[in-house]
Amino acid sequence: MKVKYFAWVRERIGKAEETVEPPPGVRTIEDLMAWLAKRGETYAYAFETPRVIRAAIDHTHVKSDAAIAGAREIAFFPPMTGG
Amino acid sequence: MKVKYFAWVRERIGKAEETVEPPPGVRTIEDLMAWLAKRGETYAYAFETPRVIRAAIDHTHVKSDAAIAGAREIAFFPPMTGG
Amino acid sequence: MTANVTIRIQQADFDIAQEISALTEGRTDVGAVVSFSGICRGSEGGETIAALTLEHYPGMAEAEIARHADTAMSRWPLTGVSIIHRVGRITPGENIVLVLTASQHRQAAFAAAEFLMDYLKANAPFWKREENAGGTSWVEARHHDDDAAARWTKP
Amino acid sequence: MTANVTIRIQQADFDIAQEISALTEGRTDVGAVVSFSGICRGSEGGETIAALTLEHYPGMAEAEIARHADTAMSRWPLTGVSIIHRVGRITPGENIVLVLTASQHRQAAFAAAEFLMDYLKANAPFWKREENAGGTSWVEARHHDDDAAARWTKP
Chain B
20 MKVKYFAWVR ERIGKAEETV EPPPGVRTIE DLMAWLAKRG ETYAYAFETP RVIRAAIDHT
80 HVKSDAAIAG AREIAFFPPM TGG
Chain H
20 MKVKYFAWVR ERIGKAEETV EPPPGVRTIE DLMAWLAKRG ETYAYAFETP RVIRAAIDHT
80 HVKSDAAIAG AREIAFFPPM TGG
Chain R
567 MTANVTIRIQ QADFDIAQEI SALTEGRTDV GAVVSFSGIC RGSEGGETIA ALTLEHYPGM
627 AEAEIARHAD TAMSRWPLTG VSIIHRVGRI TPGENIVLVL TASQHRQAAF AAAEFLMDYL
687 KANAPFWKRE ENAGGTSWVE ARHHDDDAAA RWTKP
Chain F
567 MTANVTIRIQ QADFDIAQEI SALTEGRTDV GAVVSFSGIC RGSEGGETIA ALTLEHYPGM
627 AEAEIARHAD TAMSRWPLTG VSIIHRVGRI TPGENIVLVL TASQHRQAAF AAAEFLMDYL
687 KANAPFWKRE ENAGGTSWVE ARHHDDDAAA RWTKP
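Residue numbers (this note's numbering), protein chains in the order written: chain B, 20 to 102; chain H, 20 to 102; chain R, 567 to 721; chain F, 567 to 721.
The shape of chain B in the complex, shown without the other chains (with noise of 0.2 Å):
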């Protein structure tokens, strides 16, 4: 699945976006954002507080529990500060 980082997200891992393949074990948001911080240093300080990140699947909001299975866009980003 392609995972997408906007804002301190994208700055703090460096990177726009990516594709992964979680084992099966990481079933929700939360297990992935868990599962994506043990990729590396910038990966644990971008997801350091997940409480604090937002997240989409495939361009709509979803809560923390919220399952990943079949989705193809997922994206991390801190709250919005649009308008």
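Be aware that a few hints might be false.
Said to hold, decoys possible - Looking from chain B toward chain F, a few residues come up when the C-beta cut is under 10 Å (computed):
#1 Phe25
#2 Glu30
#3 Asp77
#4 His78
#5 Ala94
#6 Pro97
#7 Pro98
#8 Met99
Said to hold, decoys possible - Taking lysine to aspartate or glutamate and the DMTMM-like style, the derived pairs with C-alpha atoms no more than 20 Å apart in a straight line are:
#9 H/Lys82 / R/Asp713
#10 B/Lys23 / F/Glu628
#11 H/Lys23 / R/Asp713
#12 H/Lys82 / R/Asp712
#13 B/Lys82 / F/Glu697
In short, the hints are calculated from the structure, not lab data. Keep in mind it's a predicted model, so treat the numbers as computed, not measured. In this text, a Cβ means the ideal position worked out from N, Cα and C, and glycines have one as well.
Go by the hints and put chains H, R and F onto chain B.
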């Protein structure tokens, strides 16, 4: 004192303003409407339902029991429909 | 910085972009501008309107609007207010009234613009005469507008 | 008559007068147009801002805005909605966002414009980075904006 009329009050009376000298017994806006109503048919028609007519003394909205003593300009008009 | 206040009653149309520029040009403390334009519609309750003619009470209209602009500025932290009300004959599609409010933040600008419009509808001495199929008739005030104005004075 | 809906995310500035014309031209059923322009301020909490850079999530931002425009049109009798959000580097005094709502009556236009701005602030996937004396920093979301958005979903 000068009296001004607007909208259908003006149309019914047939003039936009005039100078009147009401007798001392005419103390309030209500008294003045009753006194004006007796000046002729057009006035009677304009003031036939005094409770719907609004008044201003010297450019300030007033209620019908407001005293007219000292007024330079009194206006009578229907409820406003601006904006 | 002081607040910009513009109040005009005129026959001519207005240019919204120009009026917004006048409130924002050369200052960087404005974060939000709300504009309300009231436009003459071509029908009312199913009946066709050919035109409106707006009459006002010169002197009092300006004073009433200025008083409401002052009230708005004392209630909300505004950087500017512009109110332009047209008079004379206005045909469907044409502008009738413009209210602009500028502030650092959006809530103040929205609230002040609504307040000013509610007061203009209920209290500013303007009267509309309507040209329709049956000739001309004076537009009747709506109780609804009095209620809208009254909500700003509730405790 | 159908409602006009315009949604654009762009680097270029917008022309409010032109956008209002697009909602009103050739129709006589519009009685009220409310516009909200959000403008980049030169300071925030006493600190000088040299510029903002706006980032967005392409695809999702358009979808979110369209969804909110649909919600607004189902809740209020609107004749048109336009939402233009700029991205890229924006300096103080420049426009950031435009929301326009058109309706027969003013209450619907005001309510829908406020609703759309509250949702854009809290839910549209845009992020602001600020250039200030200390370098650059991401603007923090305000709880206040979440509360403002939440008031539209209360029973």
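Hints, one by one, checked against the model:
Taken as an interface hint, phenylalanine 25 of chain B checks out: its beta carbon lies about 6 Å from the nearest beta carbon of chain F, inside 10 Å. Below 10 Å, beta-carbon pairs count as interface contacts, and glutamate 30 of chain B has one with chain F at about 8 Å; its hint therefore holds. With a cut of 10 Å, the hint placing aspartate 77 of chain B at the interface with chain F holds, because the nearest CB-to-CB distance is about 9 Å. Taking 10 Å as the C-beta contact cut-off toward chain F, the hint placing histidine 78 of chain B at the interface holds, the least distance being around 4 Å.
Hint status for alanine 94 of chain B relative to chain F: holds, with the closest Cβ pair at about 6 Å, below 10 Å. A hinted interface residue such as proline 97 of chain B counts as satisfied when its beta carbon comes closer than 10 Å to some beta carbon of chain F; here the least separation is about 7 Å, so the hint holds. Among the interface hints, the one on proline 98 of chain B holds; its C-beta lies about 3 Å from the nearest C-beta in chain F, closer than the 10 Å criterion. Here the hint on methionine 99 of chain B is kept, as its CB sits about 6 Å from the closest CB of chain F, short of 10 Å.
Using a Cα cut-off of 20 Å, the hinted pair lysine 82 of chain H and aspartate 713 of chain R holds, with the two alpha carbons roughly 18 Å apart. A threshold of 20 Å between alpha carbons decides the hint, and for lysine 23 of chain B with glutamate 628 of chain F the separation of about 16 Å falls inside it, so the pair holds. In summary, the hint linking lysine 23 of chain H to aspartate 713 of chain R is not supported, as the alpha carbons are separated by about 27 Å, beyond the 20 Å threshold. Restraint check for lysine 82 of chain H and aspartate 712 of chain R: satisfied, since their Cα atoms lie roughly 15 Å apart, inside the 20 Å limit.
For a cut-off of 20 Å, the pair hint linking lysine 82 of chain B to glutamate 697 of chain F is broken: about 31 Å separates their Cα positions.
Checked against the numbered hints listed earlier, the structure breaks hints 11 and 13; every other hint is satisfied.
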